[in-house]
Amino acid sequence: MVNILEVVTDESLRKENWWGKNYVCQINNFWFLPKFVPSTIRVLNEFKPLPNDVILASFPKTGTTWLKSLVFSIINRSSKESSLLVKHNAHDLVPTLEVQVFGTTRQYLDNESHHSSTRLYSTHIPYQLLRKTFDSSNCRVVYITRNPKDTLVSMWHFTNKWKAVDQDGPWHIEEAIEKFCSGVFPGGPYYDHVMGFKNASLEKPKNIFLITYEELIKDTKIHVKRLAEFLGFPFMNHEEEEVDEIVKNCSFDILSSYAVNKSEDFPSWFQVPYNSFFRQGVVGDYKNYLDAKTIERIDALTRDKFHGADFITIRVLNEFKPLLNDVILASFPKTGTTWLKPLVFSIVNRSSKESSLLVKHNPHDLVPTLEVQVFGITREYLDHESHHSSTRLYSIHIPYQLLRKTFDSSNCRVVYITRNPKDTLVSIWHFTNKWKAVDQDGP
Numbered sequence: 001m002v003n004i005l006e007v008v009t010d011e012s013l014r015k016e017n018w019w020g021k022n023y024v025c026q027i028n029n030f031w032f033l034p035k036f037v038p039s040t041i042r043v044l045n046e047f048k049p050l051p052n053d054v055i056l057a058s059f060p061k062t063g064t065t066w067l068k069s070l071v072f073s074i075i076n077r078s079s080k081e082s083s084l085l086v087k088h089n090a091h092d093l094v095p096t097l098e099v100q101v102f103g104t105t106r107q108y109l110d111n112e113s114h115h116s117s118t119r120l121y122s123t124h125i126p127y128q129l130l131r132k133t134f135d136s137s138n139c140r141v142v143y144i145t146r147n148p149k150d151t152l153v154s155m156w157h158f159t160n161k162w163k164a165v166d167q168d169g170p171w172h173i174e175e176a177i178e179k180f181c182s183g184v185f186p187g188g189p190y191y192d193h194v195m196g197f198k199n200a201s202l203e204k205p206k207n208i209f210l211i212t213y214e215e216l217i218k219d220t221k222i223h224v225k226r227l228a229e230f231l232g233f234p235f236m237n238h239e240e241e242e243v244d245e246i247v248k249n250c251s252f253d254i255l256s257s258y259a260v261n262k263s264e265d266f267p268s269w270f271q272v273p274y275n276s277f278f279r280q281g282v283v284g285d286y287k288n289y290l291d292a293k294t295i296e297r298i299d300a301l302t303r304d305k306f307h308g309a310d311f312i313t314i315r316v317l318n319e320f321k322p323l324l325n326d327v328i329l330a331s332f333p334k335t336g337t338t339w340l341k342p343l344v345f346s347i348v349n350r351s352s353k354e355s356s357l358l359v360k361h362n363p364h365d366l367v368p369t370l371e372v373q374v375f376g377i378t379r380e381y382l383d384h385e386s387h388h389s390s391t392r393l394y395s396i397h398i399p400y401q402l403l404r405k406t407f408d409s410s411n412c413r414v415v416y417i418t419r420n421p422k423d424t425l426v427s428i429w430h431f432t433n434k435w436k437a438v439d440q441d442g443p
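The sequence shown begins at 1 in UniProt numbering and counts up one residue at a time.
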């Protein structure tokens with residue numbers, strides 16, 4: 001392991017070529033552009049986050065520009081500063097620790113250089129290197145991630161806007177794929193970067209908030225509210241219009257229309273023009289650039305590296321607070337859940353008109369699953385008004401080993417149903433062959 005205190009240049013570090021004549025340097029198993037090695041070392045050795053600081057962390061090209069715009073708008077919504085995004089690029093309003101802050105000038109470390117009492121920074125440095133820095137403070141960290149295929153394609157486009165392209169020629173997609181999969185990639189390996197913050201969010205849910213680009217695209221308004229609550233700037237009931245205004249003003253169409261974000265000028269702190277930070281802002285663009293073989297290769301790598309990690313499940317583990325009267329129906333998939341749900345729903349609601357709802361509603365709509373409907377789609381199921389009695393009734397497939405702390409914090413009741421393994425296997429085999437994906441992948 002490299003001793004961070006002793007490293008002052010990239011001369012003593014392992015180097016690997018990643019494009020043209022450009023190389024990356026390795027610090028404790030992660031790869032960095034040589035230009036940012038000294039400033040990264042300074043961040044690790046010198047940055048002392050304050051309790052009110054907010055750090056937006058990410059792997060490159062996973063939604064950082066959008067997250068900066070949203071969080072800046074949330075925190076500054078009650079001041080004149082909220083309009084600054086019209087004339088300023090988000091990266092100038094939320095400076096990056098290893099780029100502007102410790103790379104050019106220290107002025108960003110002064111409270112006077114910020115637009116509220118909350119200092120707002122970003123970083124691409126992995127959690128594994130920042131653990132001691134974050135452990136020394138109660139600062140809040142928001143980590144955004146994105147599916148690896150779109151991340152790869154976005155970085156490939158972004159790199160081909162660099163000044164160095166004029167000298168070294170374009171970065172070909174085939175080379176970008178190989179470098180991404182090998183992990184020799186600025187900020188990489190991608191999978192280790194994501195898992196570092198993912199695991200940290202489980203350890204310190206009050207300080208580290210994890211969100212995916214895809215979630216943010218799917219329902220921006222709900223997640224803007226979640227962000228605001230986590231950051232300590234919650235929206236009141238009378239602020240619905242403010243939420244809508246932030247979602248609108250931070251949309252891709254609006255932000256990309258501003259002159260500053262269409263500019264071909266280069267910022268003083270990086271070698272790409274401002275307009276390079278806005279390309280499409282969509283999910284699934286990788287399909288236009290990656291062939292089927294490459295997609296399967298990256299999907300297989302993702303399954304192996306993430307070990308089935310489910311980011312919605314992380315939200316359940318971090319945020320679900322069962323109430324005293326809650327009833328949770330737990331099970332392994334295809335062990336009788338669909339039967340258990342109508343039985344318990346009918347028992348709990350037998351003295352009310354709600355007992356007849358099973359005639360017109362599927363049991364999975366009446367008893368929502370925590371990691372599917374509740375934390376995967378909308379939070380309305382967490383309100384008492386969305387339930388059919390004073391008892392909130394949920395189901396879950398998450399194993400008890402992960403839920404122990406959640407259940408220990410409450411006297412809620414849990415019903416677990418199981419089934420013999422041979423019938424379970426056959427049932428899930430039939431069930432899987434009914435999925436939409438069968439049309440594409442075969443039975």
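No lab work stands behind these hints: they were computed from the structure.
One or more of the hints may lead you astray.
Straight-line distance between alpha carbons at most 25 Å, and here's what the computed BS3-like set of lysine-lysine pairs gives [what the hints assert, rightly or not]:
hint : residue 1 : residue 2
1    : K353      : K198
2    : K293      : K262
3    : K248      : K262
4    : K87       : K198
5    : K21       : K248
6    : K161      : K225
7    : K353      : K334
8    : K48       : K198
Predicted model only: the values in this text are computed from it and were never measured.
Query raised in the report: Checking against the hints above, which ones are violated?
Result: Numbers 1, 2, 4, 5, 6 and 7 - these are the hints that the structure violates, sorted from lowest upward.
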